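There are 2 protein chains.
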Amino acid sequence: MNDFSVPTLQLDETICRTNIRRMAQKAQKLQLEFKPHMKTHQSAEIGKWFRDEGVQAITVSSVSMARYFAHNGWQDITIAFPCNLRESEAIDELAAQIRLTILVNSAETARQLDSALSNNVQAYIELDAGATRTGLSPTNVEEIERVIYFIQKRCSRIEWLGFYSHPGHSYSARSKDGIRQIHQSTLAQVKDLRQNLSIGDQSPDICIGDTPCCSVGTDFSGIDAISPGNFIFYDLMQQQIGSCNISNIAIAVQCPIIDLFPERNEIAIYGGAIHFSKEYINDSCFGYVAERSENHWTVPNRSTFLQRISQEHGIITCQPEDFERYSVGELITILPIHSCLTANLLKQYHLQSGNIISQWK
Amino acid sequence: MNDFSVPTLQLDETICRTNIRRMAQKAQKLQLEFKPHMKTHQSAEIGKWFRDEGVQAITVSSVSMARYFAHNGWQDITIAFPCNLRESEAIDELAAQIRLTILVNSAETARQLDSALSNNVQAYIELDAGATRTGLSPTNVEEIERVIYFIQKRCSRIEWLGFYSHPGHSYSARSKDGIRQIHQSTLAQVKDLRQNLSIGDQSPDICIGDTPCCSVGTDFSGIDAISPGNFIFYDLMQQQIGSCNISNIAIAVQCPIIDLFPERNEIAIYGGAIHFSKEYINDSCFGYVAERSENHWTVPNRSTFLQRISQEHGIITCQPEDFERYSVGELITILPIHSCLTANLLKQYHLQSGNIISQWK
Chain Y
5 MNDFSVPTLQ LDETICRTNI RRMAQKAQKL QLEFKPHMKT HQSAEIGKWF
55 RDEGVQAITV SSVSMARYFA HNGWQDITIA FPCNLRESEA IDELAAQIRL
105 TILVNSAETA RQLDSALSNN VQAYIELDAG ATRTGLSPTN VEEIERVIYF
155 IQKRCSRIEW LGFYSHPGHS YSARSKDGIR QIHQSTLAQV KDLRQNLSIG
205 DQSPDICIGD TPCCSVGTDF SGIDAISPGN FIFYDLMQQQ IGSCNISNIA
255 IAVQCPIIDL FPERNEIAIY GGAIHFSKEY INDSCFGYVA ERSENHWTVP
305 NRSTFLQRIS QEHGIITCQP EDFERYSVGE LITILPIHSC LTANLLKQYH
355 LQSGNIISQW K
Chain V
5 MNDFSVPTLQ LDETICRTNI RRMAQKAQKL QLEFKPHMKT HQSAEIGKWF
55 RDEGVQAITV SSVSMARYFA HNGWQDITIA FPCNLRESEA IDELAAQIRL
105 TILVNSAETA RQLDSALSNN VQAYIELDAG ATRTGLSPTN VEEIERVIYF
155 IQKRCSRIEW LGFYSHPGHS YSARSKDGIR QIHQSTLAQV KDLRQNLSIG
205 DQSPDICIGD TPCCSVGTDF SGIDAISPGN FIFYDLMQQQ IGSCNISNIA
255 IAVQCPIIDL FPERNEIAIY GGAIHFSKEY INDSCFGYVA ERSENHWTVP
305 NRSTFLQRIS QEHGIITCQP EDFERYSVGE LITILPIHSC LTANLLKQYH
355 LQSGNIISQW K
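Chains Y and V are the protein sequences, given in the same order. Taking the working numbering, the leading residue of the first sequence gets 5, the next gets one more, and so forth. Taking the working numbering, the leading residue of the second sequence gets 5, the next gets one more, and so forth.
Treat the hints loosely; a few may be bogus.
Identical copies look the same in the list; a pair holds intra-copy or inter-copy alike.
Unchecked claim - Quick list of in silico lysine-lysine cross-link-like pairs, BS3-like style, CA-CA up to 30 Å:
#1 K365 x K195
#2 K52 x K365
#3 K30 x K52
#4 K351 x K365
#5 K195 x K33
#6 K351 x K52
#7 K52 x K157
#8 K180 x K195
Simulated from the structure, these hints should not be mistaken for laboratory data. Note that the structure is predicted; figures quoted are calculated from it, not measured.
Based on the provided sequences and hints, a complete structural model is requested.
Structure follows, in structure tokens:
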């Protein structure tokens, strides 16, 4: 495990599989379809760990990522990103091979996409649960009905499936109670929308997708499917939000120590923005220094953290009493702030077994 | 040029070659060795554009990047990153092939590295000009002499070459005058150090490396070499610092527009943290919307900028009067905040000619 010479992403397979199993069992117990998001790990090999828990359908964030997972045997894929009309041809090709679901958020997009398709796709309309990113406001019933009507009456290749909601404002929560409040407001939005829609006896499928709500929520009434992604690894941001404990974090980055500065209580490491990304919490924390204990990582001292990063350099602020633990030429373990971005940069997972798992690109 | 379907990095070869030529000519005029940093572009093909300007020696930020450029014919390479002892073997292999220069900042690192080498390397001692990142304080004459003495008397494979200084605190400047002040303080540090060092009639080689000072400085007395990197593309951060004008920026990202929200003055694009990184300026600007005019990009309205990003989503805030310019399914051009990180994420450069240039990994 400890012969890495450059910043290296470690993956604890046991913690990761436990995270997958916990969410799969929760979905099963609540009779929710589990369509996990693959954007966090981006690996067909890790995708198999979901198959081991009975997962049949997955979610991705781009057409090219859908193509990769389709090529690796997945037959039911949702692209949880608003339809990019410039990829209509690629969407059509994919729709010929698998059961493909996309997000269509306007009649105009539906019109242009439909005219480009020769194969059938399913479409969710995305609801903006409050993150003000993409999707239609769930209170904008008139516009939602207009899109549904357009898809159902005017499109020949698009089948309206229901609603997709990613309440990304759950990332602003700082406790389980805070997450639950946002989750309950999403459930209420969906309930109200169902009541207000004039769609006869149609029963739209509802999928929600954020890791905080899927991790902490217990009431999923009115919801049919969940598609969280980050929960597979979790990270310090999720821990801060209230989605997980430190012991649930499945990845860490091993970095060589390149210099010690006891006179200013700092440690220089090989590990910077091209390894961690520039995501931070608490104003200037780009990661906590961690240790291994009882089969998971722990953070012995939250005052010892990655405080500044440039392209390859990282500077850790370290308490004086901790200094003697570290030596130039040794490795130091950093838990990442945002595992999706860190994994996207480092591309390869090193398991305890010595095996290496690669991402798709 | 306009058939991109996903976020795509465009490179203007003319602007880029002009940036290279300007810096090469400045170095020549000032009798400075020009050892450009390759970490910004990371491409052997673009490296050839430096050869076209007579460049013989280059700078890189990692051992593996040095290996790549050595494999592509570069025979004189400086790794401007503190020696990572865990890569001693790789350093030794490289030293057998090329003239290799590294940074050695302590006697202990020199001792361990020397014992691992069977080939000769040159070493700079890094000076911390004020960025408080890595290197020795130029006023810590005693420690600097100790490292020089150790390398010269106790190491058989390391030859002490001189000093390397990256005054990265120039990034906090906000005007050409601010940059010049930092530059002059670096020159003064080096001058004082030379006077205070007891090294007989040895004449250490001095290399400085940041884009702001190399772009704006006019006095380089006492300096032997420069190794800037970012200037090849520049970016909005460099423009804000005062290193360049918008018209010097050589890269831009073309992003598909996926939705328009005139009611909240926002545009949703396909383009997020895995394309731009999470570097920002002015609290929440992840890039300006640009247009093409007179063979370079311009920023028509600084109130139209990329304000929020998540993994693949970007949200642009747009002035009401600009809205009619944009349509779903069209492309929008974004100038990046930090070209090094954006290029590192996007990996490929699309030229106006239609040619595509790839990075090394």
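Status of the hints after comparison with the structure:
In this assembly of identical chains, the alpha carbons of K365 and K195 never lie at most 30 Å apart, being 40 Å within a copy and 48 Å across copies at closest. For the homomeric pair K52 and K365, the shortest alpha-carbon distances inside one copy (18 Å) and between copies (26 Å) are both at most 30 Å. Taking CA atoms no more than 30 Å apart as the test, K30 paired with K52 passes inside one copy only; the shortest distance there is 19 Å, against 56 Å between copies. Proximity of K351 to K365 under the C-alpha cut-off of 30 Å is found in both arrangements, the shortest distances being 7 Å within a copy and 11 Å between copies.
Only within a single protomer do K195 and K33 lie at most 30 Å apart by alpha-carbon distance; the minimum there is 21 Å, versus 73 Å between protomers. Both within a single protomer and between protomers do K351 and K52 lie at most 30 Å apart by alpha-carbon distance, with minima of 17 Å and 28 Å respectively. With identical chains, the CA atoms of K52 and K157 are never at most 30 Å apart, being 39 Å at best within one copy and 58 Å at best between copies. Taking the closest pair of Cα atoms, K180 and K195 come within 30 Å of each other only inside a single copy of the chain (22 Å); across copies the shortest separation is 58 Å, beyond that limit.
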